[in-house]
Structure formats: structure tokens, C-alpha cells
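*Asks:* Sequence:
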Amino acid sequence: GSVAFDSTAPVVPTGAGCSMEATLTVFNRRHAYTTITMIFAAFVVNFVYYGFIYALPQVLVGMDLPVSPAVNILIACLMELPGFAFGIYIGQTMDRIPSMTFYLSGIILSEVVFILGAGVLTGELRLDGWTTETAQWTVVAGVNINRVIISVGWTIVYVYVTEVYPAICRVTGSAVCIGLGRLGAVFSSLIFEVAQEHYGSFIPFFVGTVIVCFLNMFMTQLLPFETRNMKLTDGEDEPLKSGSDRA
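So the sequence shown is residues 1 to 247, counted in the numbering used here.
If you're looking for bench data, these hints aren't it; they were derived computationally from the structure.
Please note that a few of the clues may not be correct.
[As the list claims (entries may be wrong)] Label-pair distances were calculated between CB atoms; the ranges are:
id: 1; residue 1: 125; residue 2: 84; range: 28 to 36 Å
id: 2; residue 1: 198; residue 2: 94; range: 38 to 46 Å
id: 3; residue 1: 183; residue 2: 33; range: 16 to 24 Å
id: 4; residue 1: 183; residue 2: 222; range: 19 to 27 Å
id: 5; residue 1: 198; residue 2: 20; range: 39 to 47 Å
id: 6; residue 1: 229; residue 2: 61; range: 27 to 35 Å
The beta-carbon is built from N, C-alpha and C at its ideal position, and this holds for glycine as well.
The whole structure should be built from the sequences, with the hints applied where relevant.
*Replies:* Have a look at this one:
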């Protein structure tokens, strides 16, 4: 028998030319802001996660807590498991951009709570009416809230970058955002050590974390595309459509 050949079928480019086209699409006029914002969002989630977990053993050692620093860190790591489950729930019930706002707000809250409690316990902050017990449980709350919410951040940020680009550049866009975002993990420990040495305190590092989270939150509010329940596009000229528009 014969094999039918459709001469009108589109030819999908491959190789270096396709890769260059995808890269240019990721940074074109339509997607440039999204790409820059999501590179920064991936950087922030890496920076917060690895910076916090790197600083924690060094900071907790100087505090009088109900349990040892090692046990506190173990509990904090275990809190990431319900955090990922919570992230899945958030991803199914909230739009992507509000979800990122929620996670960043939670990180800011946890960092501020931790700074206050840790500052009182180490004597770097003096707050009227704060007892040692209050500061101890404030530190514990800040650490564990941080670990739960950062897991939500991993889930939402990485889901969004895999949804927002059209098929012709989806892999490239995801790779650029996730790959460059890993620089946050690379530099977090270095920045902590430099800040600690320069200021003689751990507090400026965590204040800096709060600032980058605020900046990230502002940038995400300006993202042009919401992807939850949207039909993912195949071509650059196709607009994102609501899931209700599917045939």
C-alpha cells in the first residue's frame, strides 16, 4: 500500500537554528518581562531556601532554645513535606500570580518573626515586654513557617515557568529561568558570610532576604500572563485561552 504524504503540514525546525529561535522568543517583546521576572523569582526561592538552611546551624548555636539546634533543624526539614502538600493544594485552588504573592508574604512574615526572636535571644535586639520564652517560641515558629512556605514557593514558581511559554520555547524558557535561578543557591552562603563578617551580625542577611522578597512580590504583580486553567499555547501568535475554551 501507499503512504499518504501531506505537503501542507508544517515543518518543525530542529537543531541549532531551532534553539536560537527559542532563545530569541524567550527574550522577545512579549516574553522578556516574564523571563526576567521569573529568573529573579527562581533566584529568590533558591536564595531563601539555601541561605536560610546554611545560616540556621550557625545562628541557632548561640541561642537558648527548648531543644538543641540539631533537633530544630531536623524538625524544620520535616516541615517541608507538609509544605509541598500545601503547595499542591494552593496550586489547585489559587491562580499562579496570587499564589506567588501568598508564598512571598509568608516568607517575609517568617523572616521578620525569626529576626525578632533571634535578635532578642542573642541580645542584638531589645524589645519591651519580650520574655526569653516568648523569643524562643518566636524563633521556632519563624523557622518552621519558613520551611513550610518555601516549599509552596518551589511548587508554584516552577509550575508557572513550565506553563507560561508557548511550545516552541517552553523547554528553553523553563531552562533559562530555572538554570539562572540556581545562582541564588550558589551565592546565598557567600553573601551570608560576607554580611556576617562586615556587619558582625546575622540580622542584615535576613533583612536583605526580606527586601528581595518584597521586590519579587512587586515584580510578580506586573506579570502579563496568568496560566492557571489556561490552555497552553503551541505557537507564539496564540493568546493564552481559558480552560473553558477547549473543545
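*Asks:* If a hint holds in the structure, say so; if it does not, say that too.
*Replies:* Now for the hints, and whether the structure bears them out:
no., hint, in the structure
1, 125 to 84: 28 to 36 Å, "holds, 33 Å"
2, 198 to 94: 38 to 46 Å, "holds, 39 Å"
3, 183 to 33: 16 to 24 Å, "holds, 19 Å"
4, 183 to 222: 19 to 27 Å, "holds, 22 Å"
5, 198 to 20: 39 to 47 Å, "holds, 42 Å"
6, 229 to 61: 27 to 35 Å, "violated, 47 Å"
The structure is inconsistent with hint 6 alone, although it conforms to all the rest.
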